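Chemist: Here is how the chains run, residue by residue.
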Amino acid sequence: SQQGEEDPQALSIQEGENATMNCSYKTSINNLQWYRQNSGRGLVHLILIRSNEREKHSGRLRVTLDTSKKSSSLLITASRAADTASYFCATVLNQAGTALIFGKGTTLSVSS
Amino acid sequence: EPEVTQTPSHQVTQMGQEVILRCVPISNHLYFYWYRQILGQKVEFLVSFYNNEISEKSEIFDDQFSVERPDGSNFTLKIRSTKLEDSAMYFCASTDTTSGNTIYFGEGSWLTVV
Chain A
1 SQQGEEDPQA
11 LSIQEGENAT
21 MNCSYKTSIN
31 NLQWYRQNSG
41 RGLVHLILIR
51 SNEREKHSGR
61 LRVTLDTSKK
71 SSSLLITASR
81 AADTASYFCA
91 TVLNQAGTAL
101 IFGKGTTLSV
111 SS
Chain B
1 EPEVTQTPSH
11 QVTQMGQEVI
21 LRCVPISNHL
31 YFYWYRQILG
41 QKVEFLVSFY
51 NNEISEKSEI
61 FDDQFSVERP
71 DGSNFTLKIR
81 STKLEDSAMY
91 FCASTDTTSG
101 NTIYFGEGSW
111 LTVV
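Protein sequences, first through last, are from chains A and B. Here the working numbering is used: the first residue of the first sequence is 1, the next is one more, and so on. Here the working numbering is used: the first residue of the second sequence is 1, the next is one more, and so on.
Hints are computed from structural coordinates only; laboratory data are not their basis. Computed from a predicted structure; not experimentally measured. Quick reminder that beta carbons are idealized off the backbone N, C-alpha and C, glycines included. Hints are not guaranteed to be accurate.
To be verified - DSS-like, lysine-lysine: derived pairs with alpha carbons at most 25 Å apart:
| # | chain 1 | residue 1 | chain 2 | residue 2 |
| --- | --- | --- | --- | --- |
| 1 | A | Lys104 | B | Lys42 |
| 2 | B | Lys78 | B | Lys57 |
| 3 | B | Lys57 | A | Lys26 |
| 4 | B | Lys57 | B | Lys83 |
| 5 | A | Lys104 | A | Lys56 |
| 6 | A | Lys70 | A | Lys104 |
| 7 | A | Lys26 | A | Lys70 |
| 8 | A | Lys69 | A | Lys104 |
| 9 | B | Lys78 | A | Lys70 |
| 10 | B | Lys57 | A | Lys104 |
| 11 | B | Lys83 | A | Lys104 |
| 12 | A | Lys69 | B | Lys42 |
| 13 | B | Lys42 | B | Lys83 |
| 14 | B | Lys42 | A | Lys26 |
| 15 | A | Lys26 | A | Lys69 |
| 16 | A | Lys104 | A | Lys26 |
| 17 | A | Lys56 | A | Lys26 |
| 18 | B | Lys42 | B | Lys57 |
| 19 | B | Lys42 | B | Lys78 |
| 20 | A | Lys69 | A | Lys56 |
| 21 | A | Lys56 | A | Lys70 |
What the hints assert, rightly or not - Which residues of chain B face chain A? A partial, calculated answer using Cβ under 10 Å:
| # | residue |
| --- | --- |
| 22 | Arg22 |
| 23 | Asn28 |
| 24 | Tyr31 |
| 25 | Phe45 |
| 26 | Val47 |
| 27 | Ser55 |
| 28 | Ala93 |
| 29 | Ile103 |
| 30 | Glu107 |
Construct all of the structure, not just a fragment, from the sequences and the given hints.
Modeler: Here it is, written out as structure tokens:
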């Protein structure tokens with residue numbers, strides 16, 4: 001399966017701290033994506049990193065990709081209470097397809 | 001900003017009844033998806049749809065489920081003979097594939113089977 005698996009399952013931090021979430025996947029990929037889900041809401045795309053990229057930034061987000069280890073990390077810097085959500089990595093189900101498969105996610109709680 | 005819209009937001013149905021969940025994907029998108037999320041669990045892929053046919057489906061998407069694009073804007077998921085374990089949030093999503101497979105999700109339809 002191409003499924004990504006995030007770790008830790010849950011993370012609790014204080015506002016202003018950095019949060020790091022990791023994702024591992026099983027087979028080769030063209031890209032890996034990170035999504036966010038607020039409780040009871042739909043998933044929102046955060047960032048896509050291609051297989052030939054090692055690091056990508058978007059605002060307070062930094063994503064790294066290590067294809068040799070089949071792993072990715074999402075770093076949220078200077079976290080805010082509004083960052084409280086579940087974060088998922090996603091890879092495609094099939095190389096020839098478009099459907100994404102999501103991991104179990106990391107639930108991030110940021111307290112003020 | 002264009003968005004995927006889903007109706008109803010919440011539906012309660014009796015076990016054994018048929019349910020149709022509706023979605024309006026983003027207008028210029030060509031690939032459509034249904035996902036489901038049982039309470040407290042991960043988001044699970046059900047089916048993808050392109051060019052008026054199913055392009056990929058998961059093991060969950062058995063004969064109980066069907067999808068249809070009845071007109072140029074709607075995309076529906078039909079669940080026949082609902083079971084208690086079908087209770088979940090069902091998400092519709094779409095993409096145009098020019099954005100590297102970035103998929104845009106609706107806010108979901110919460111289905112409760114009683």
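Chemist: For a C-alpha distance cap of 25 Å, please report whether lysine 42 of chain B and lysine 78 of chain B respect it.
Modeler: OK: lysine 42 of chain B and lysine 78 of chain B at ~21 Å, within 25 Å.
Chemist: Restraint: asparagine 28 of chain B near chain A, CB-CB cut 10 Å. Satisfied or not?
Modeler: violated (15 Å)
Chemist: Within a Cα-Cα threshold of 25 Å, do lysine 42 of chain B and lysine 26 of chain A meet the stated pairing?
Modeler: holds (18 Å)
Chemist: Below or equal to 25 Å on CA atoms is what counts here, so check lysine 104 of chain A against lysine 56 of chain A.
Modeler: holds (23 Å)
Chemist: CA of lysine 57 of chain B to CA of lysine 104 of chain A, is that 25 Å or under?
Modeler: holds (19 Å)
Chemist: With a cut-off of 10 Å, does the beta carbon of arginine 22 of chain B approach a beta carbon of chain A closely enough for the hint to hold?
Modeler: It is violated, given that the least Cβ distance between arginine 22 of chain B and chain A is near 15 Å, above 10 Å.
Chemist: Verify the interface restraint on valine 47 of chain B: the C-beta must sit less than 10 Å from at least one C-beta of chain A.
Modeler: Holds: closest Cβ of chain A sits about 8 Å from valine 47 of chain B, inside 10 Å.
Chemist: Take a quick look at whether lysine 56 of chain A and lysine 26 of chain A sit within 25 Å of each other, Cα to Cα.
Modeler: holds (21 Å)
Chemist: Mind checking the alpha carbons of lysine 69 of chain A and lysine 104 of chain A for me, to see if they're no more than 25 Å apart?
Modeler: Holds, at roughly 19 Å.
Chemist: Let me know if the C-beta of serine 55 of chain B comes in closer than 10 Å to any C-beta of chain A, holds or violated.
Modeler: holds (7 Å)
Chemist: For the hint on alanine 93 of chain B, does the least C-beta distance to chain A fall short of 10 Å?
Modeler: Hint holds; alanine 93 of chain B Cβ to chain A Cβ min 8 Å, cut 10 Å.
Chemist: Was the hint right that phenylalanine 45 of chain B lines chain A, CB cutoff 10 Å?
Modeler: holds (5 Å)
The structure shown violates the earlier hints numbered 9, 22 and 23.
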